[in-house]
Amino acid sequence: MTFDILVMQIFSGFSLFSVLVLMALGLTIVFGLMGVINMAHGELMAMGSYMTYVTSVVFQRYFPDHMGWYFIIGIGVAFVVTFAFGFLLERCFIRFMYKRPLDTLLATWGLSLVLQQLFRQVFGPKEVTVPTVQWLQGAWKISEGLELPLNRIFIIGLTLVIAAAVFLFLYRSRWGLRIRAVTQNRAMAGAAGINTARVDAVTFALGCGLAGIAGSSFTMLASTGPVSGQQYLVDTFIVVVFGGVESLLGTFLSAFAIGQTQISLEYLTTGSMAKAITLLVVIVLLFLRPNGLFAAKVRR
Amino acid sequence: MHNEKRRLIKHALLLGAFSLLPFSLVSQAQADSVKVGIVHSLTGTMAMSEASVVDAEKLAIEQINASGGVLGKTIEPIVEDGASDWPTFAEKARKLLENDHVAATFGAYTSASRKAVLPVFERNKGLLYYPTFYEGLEKSPAIIYTGAEASQQTLAAVTWLMANKGKSVYLVGSDYIWPRTTNKLARASVTKQGGSIVGEDYLPLGNIEFSSVINKIKAAKPDIVLSTIVGGSNVAFYKQLKAAGIDSSNQTLMALAVTEEEVTGIGAENLTGFLTCMSYFQSLKNPINEKFVAAFKARYGDKRVVGDPMAAAYTAVYLWKKAVEKAGTFDVPAVIAASSELVLDAPEGEIKVHKDNHHLWKRARIGTINAQGQVDVIYESAPIEPNPFPKL
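Keeping their order, the protein sequence lines are chains G and E.
Okay, so the first sequence: first residue is 1 according to this note's numbering, each after it adds one.
Okay, so the second sequence: first residue is 301 according to this note's numbering, each after it adds one.
Since the hints were derived computationally from the structure, they do not count as laboratory data.
Careful, some of the hints might be misleading.
Examples of chain G residues lying across from chain E (beta carbon under 7 angstroms, computed) [as the list claims (entries may be wrong)]:
#1 Q260
#2 K275
#3 L279
Using C-beta positions, here's what the derived DEER-type ranges look like [unchecked claim]:
#4 G:P101 <-> E:V677: 56 to 62 angstroms
#5 G:A84 <-> E:A598: 52 to 58 angstroms
#6 E:I477 <-> G:E144: 57 to 63 angstroms
#7 G:I5 <-> E:R423: 34 to 40 angstroms
#8 G:K99 <-> E:K425: 55 to 61 angstroms
#9 E:K652 <-> G:M273: 39 to 45 angstroms
#10 G:D103 <-> E:P419: 52 to 58 angstroms
#11 G:I5 <-> E:A682: 42 to 48 angstroms
The beta-carbon is built from N, C-alpha and C at its ideal position, and this holds for glycine as well.
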């Protein structure tokens, strides 16, 4: 392996890390707060991808001169729409199923099927083409043989920005304070005057919004079709479970570990083998630490 | 009590609404009609490839009906959804054969779905027309294969590549039966022609992370990349290749599972200049193809494109019609016997059913994908005799 390839491999590891973080962030927050396992998380990402697609179509038709901006706007649209959808979903559907984790599992899985068919009806069974904006096409050529794809650099940057924003929101804002209070002790927080129902709705919506952003940025890497969400779901769950389901830091570290491991193994073996070995390692580690890398230490 | 009643009424209404569904799909049987089955995935992962194959089959049936039907009978298609699930395919096939007593069935797309329905058709003495290019190594008395088998696609492509593009090949594919078998044949053929395989990589179906594979390709610097990646992964693969700075200007790549249909999902800008090998391309210039494409666009919209399996499925319906007319009956054994050495002018040009192996004599065509998402043909073979069990 030459130096160039080594650098590109490490970069790929970072890129996969950022992709995994984007996928898992929303799910971690929702699961940590409400104990809801949202099987429709993948479809919410697909919804974000489709919103980006819709934005691109609108720009192509009405503002063809400003195509370069569509992607930034698209990410915003994806966030707003999935956030709003998540809010409605929590109010009309999820909140009736708290404290029934198995039922939520089934219900959200059913929801994912409904959403898939909805995408199929609205956008057709085939994948749609989401154009990559001009300034994110191609690679940053550092030297002959050492090239870093611009879209991956963008996704790494986006992940850092989103992660920082989520951190500030959770640890430096009043809403964050409420969310953390409810996460730690729902009854006590309620007694102290926090409207836990609203905190639930906002958190769930936030989780969905983050899924939307993830889906939006993945249009540059992968396909946008009715079943695209399924491609992400398994990886997302592995990251969340491996990291310790309630810990943001755990999610980061597990995404990093899985990302680098998988990328290195893919280089040394084949893609299928790498995935199998990664899963095996995760299973063994979960066997040793059943609550994941960073289990929250709370009294139950 | 009141509530109970209301719920009952609601349920009854729902039930009523559901029971109406099948009737909207199946029109009333007529005495002067003949039933044929169509079984493809209309939901699930494979719907994105199979839904348009159904469109092509329905178009052929409508055209035949408009021009007087077969043996004076109108064709009545019964469409079943295999739902991208192989046991469901088998179940629907059984329903078509045992309940509907269809004269022939057009269906299955993936090799897995074909393997699932094969015993059903053999046991019930049914007849299935299978439209997809596939890995070969199969010959069933109940199936007529209208797609290319490996020697008409993979081996033809490899031979051309060895002669024109270089000797070192990197194989990359999705991890299931078609790519694995195809690559096994490709490897044997490459080695035999003095070439070498410098890498072979498989990724799980639905995989979206290709950066390591791309780095491996960069490290191996092969003359040729031969891709058997399918489905949604395709989109990810070509987008990431382009982003990593690999395009047709610095790498020869041949895709064996990219038709015009896939190009619309991947985006032509990510594929421009790459090669593909099929029996049929929408851009073929012959009167029958031009008529077919125009009819398809008129029926389903101007933006729709036609790919190889769709043309093969369309051909299958006409092939069945011709065999029935030659046999003078809808009786399956007679139709199969009449199919032998049957010649038909199809959108891909003249095809001929092999005298005993149920595959078609087909041409292999190689083309480059252009910026409009169409394919410019650069090589066309003579008709190749189908040989589903090639000796290598």
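Hints, one by one, checked against the model:
no.: 1; hint: Q260; verdict: violated (11 angstroms)
no.: 2; hint: K275; verdict: holds (6 angstroms)
no.: 3; hint: L279; verdict: violated (11 angstroms)
no.: 4; hint: G:P101 <-> E:V677: 56 to 62 angstroms; verdict: holds (57 angstroms)
no.: 5; hint: G:A84 <-> E:A598: 52 to 58 angstroms; verdict: violated (40 angstroms)
no.: 6; hint: E:I477 <-> G:E144: 57 to 63 angstroms; verdict: violated (40 angstroms)
no.: 7; hint: G:I5 <-> E:R423: 34 to 40 angstroms; verdict: violated (54 angstroms)
no.: 8; hint: G:K99 <-> E:K425: 55 to 61 angstroms; verdict: holds (57 angstroms)
no.: 9; hint: E:K652 <-> G:M273: 39 to 45 angstroms; verdict: holds (43 angstroms)
no.: 10; hint: G:D103 <-> E:P419: 52 to 58 angstroms; verdict: violated (39 angstroms)
no.: 11; hint: G:I5 <-> E:A682: 42 to 48 angstroms; verdict: holds (43 angstroms)
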